[in-house]
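Undergrad: Going line by line, the protein sequences match chains A and B.
Mind the numbering: the first sequence is residues 0 to 84 in numbering that gives the first Met the number 0, read in order.
Mind the numbering: the second sequence is residues 0 to 401 in numbering that gives the first Met the number 0, read in order.
These are computed hints drawn from the structure, not numbers from a lab.
This structure is a prediction, so every number in the text was calculated from the model and none was measured.
Positions of the beta carbon are idealized from the N, C-alpha and C atoms, including for glycine.
There could be a bad hint or two in this list.
Claimed, not checked - Each computed BS3-like pair below joins lysine-lysine, with the alpha-carbon atoms no more than 30 Å apart:
#  : chain 1 : residue 1 : chain 2 : residue 2
1  : B       : Lys400    : A       : Lys83
2  : B       : Lys46     : B       : Lys400
3  : B       : Lys151    : B       : Lys124
4  : A       : Lys78     : B       : Lys198
5  : B       : Lys302    : B       : Lys198
6  : B       : Lys80     : B       : Lys151
7  : A       : Lys78     : B       : Lys400
8  : A       : Lys78     : B       : Lys124
9  : B       : Lys208    : B       : Lys46
10 : B       : Lys1      : B       : Lys302
11 : B       : Lys124    : B       : Lys46
12 : B       : Lys400    : B       : Lys302
13 : B       : Lys266    : B       : Lys80
14 : A       : Lys83     : B       : Lys198
15 : B       : Lys1      : B       : Lys80
16 : B       : Lys208    : B       : Lys124
17 : B       : Lys208    : B       : Lys198
18 : A       : Lys83     : B       : Lys302
Stated by the list, open to error - The following label-pair restraints were derived from C-beta to C-beta distances:
#  : chain 1 : residue 1 : chain 2 : residue 2 : range
19 : A       : Gly36     : B       : Gly87     : 46 to 56 Å
20 : A       : Thr51     : B       : Val401    : 34 to 44 Å
21 : A       : Glu39     : B       : Gly242    : 36 to 46 Å
22 : A       : Asp29     : B       : Gln267    : 21 to 31 Å
Next come the chains, spelled out residue by residue.
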Amino acid sequence: MSISNRVIAIIAEQAVLEPSDVTPESTLEDLGIDSLGLVESIFAIEEEFDITIPFNANEPEASDFDISNVAAIIAGIEKLVSEKV
Amino acid sequence: MKRVVITGAGTINALGHCVADTLEAMREGRCGIGELEFRDVDRLAIKIGGQVRGFEAEGRFNRQQMTLYDRFTQFTLTAAKEAIDQSGIEFHGDLAARSGVVLGTAGGGVSTWDDNYRSVYEDGKNRVHPFVVPKLMNNAAASHVSMEYNLKGPSFTVSTACASSNHAMALAFSMVRSGAAPAMVTGGSESMLCFGGVKAWEGLRVMSKDACRPFSGNRNGMVQGEGAGIFVFEEYDHARARGANILCEVVGFAMSSDAADIVMPSKQGAARAMSGALADAGINPDQVGYINAHGTGTAANDKTECAAVAGVFGTHADTLMISSTKSMHGHLIGGTGAVELLACIMALRDGIIAPTIGYEEADPECALDVVPNEAREADVDVALTNAFAFGGLNAVLALRKV
């Protein structure tokens, strides 16, 4: 499965939706994922890809990790996975 | 109803091993937060905290005591000795039979759990020390204080996360005020600065990697601390009759529950706790000169707390002072309200307001006088101390100059 599909599967599970309901344009708010759900999703993604995502819930916009929509999250993860040695 | 006064105070925390040193550090706006030092710290993403340094249990406690005292109990007994020595109170006869100990802690013997899990899981040992359970239990500290000082009345431990100490002190206060107990030893203690304790907090992603900057526009999270604060709450006539030195009076409290979210704070819950404490004390909002804030330095707490203060105090919110000493000693979790009560005592007794250090830029959502970076002299008659816990459990105490 591609990185994109794996991320979408994790986000869909968190949102209690089918993966087909999660589009690249979806925002976390659209999907009904709150701040606690976001922190859980990030944990699940870190575990799935064995990466560390630089995310501080106090300053989400300051983190070097864009969470503005699903496409941005996938792009950020693809970058982190590619940087992994 | 009886009047209730504080006749003894003791502490150990990152700012000092006694009240005098702690208050001096608060006056000078000194920061006790630094690099954490303990086993496996290199595996943590969060490497700073308000750690108690230079505290050697050896020599202070004997071998048998050491096998029974987790670090949170050691902190408690150290602070209790200072408080009870200062108070000069001695518990005998009827006084002993009716006086007790109510303490707060969120985690109890966290490092005892940590050390022994490591031993059986990581090191593969199949045997642990026989006293692991009595050492780690949350009531261990309260029980040892009761044994050490012959306190035979109601004693127990309250655990409400970051509000544990305030809930404990509020209960102790109400027991003395009602006449149920002539005196109570109260406060709280926490010692979570070990690998497992910090790792658990790290998971929430609310911790700062560099500093605790409450109310500052560039704040980026909380920083853990450790230590204890212990007080003697005593019925006023009892204290006067024995010529005790009175530090201040406790005049009211309120507890409230948000009944909303397990981690996100509620403005309404915080406001109800503050206004409830004022009502319980029979105090008008405009009499309050200082609030020791919960002020964790997280995005969520600080703006919610400021909004709640603005709601309760109206235009007087622009006049009163509110500071968070967590910027200096870190967040002692279940022990934090107890150490922070010292800042209220300093405001009322010494007329010195502890600052919020690390304040670097204004935040329009925290537009109150947060006493930035430098302590200030002010004549304060009434102070509040706030604690708003995970789980939405809030407790606020009101104190008055005597």
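Undergrad: Each hint: holds or not?
TA: Going through the hints against the structure:
no. : hint                            : in the structure
1   : B/Lys400 to A/Lys83             : 60 Å, violated
2   : B/Lys46 to B/Lys400             : 39 Å, violated
3   : B/Lys151 to B/Lys124            : 39 Å, violated
4   : A/Lys78 to B/Lys198             : 26 Å, holds
5   : B/Lys302 to B/Lys198            : 26 Å, holds
6   : B/Lys80 to B/Lys151             : 17 Å, holds
7   : A/Lys78 to B/Lys400             : 59 Å, violated
8   : A/Lys78 to B/Lys124             : 42 Å, violated
9   : B/Lys208 to B/Lys46             : 7 Å, holds
10  : B/Lys1 to B/Lys302              : 37 Å, violated
11  : B/Lys124 to B/Lys46             : 29 Å, holds
12  : B/Lys400 to B/Lys302            : 29 Å, holds
13  : B/Lys266 to B/Lys80             : 38 Å, violated
14  : A/Lys83 to B/Lys198             : 23 Å, holds
15  : B/Lys1 to B/Lys80               : 26 Å, holds
16  : B/Lys208 to B/Lys124            : 34 Å, violated
17  : B/Lys208 to B/Lys198            : 13 Å, holds
18  : A/Lys83 to B/Lys302             : 37 Å, violated
19  : A/Gly36 to B/Gly87: 46 to 56 Å  : 54 Å, holds
20  : A/Thr51 to B/Val401: 34 to 44 Å : 53 Å, violated
21  : A/Glu39 to B/Gly242: 36 to 46 Å : 58 Å, violated
22  : A/Asp29 to B/Gln267: 21 to 31 Å : 27 Å, holds
Going through the hint list in order, the structure does not satisfy hints 1, 2, 3, 7, 8, 10, 13, 16, 18, 20 and 21.
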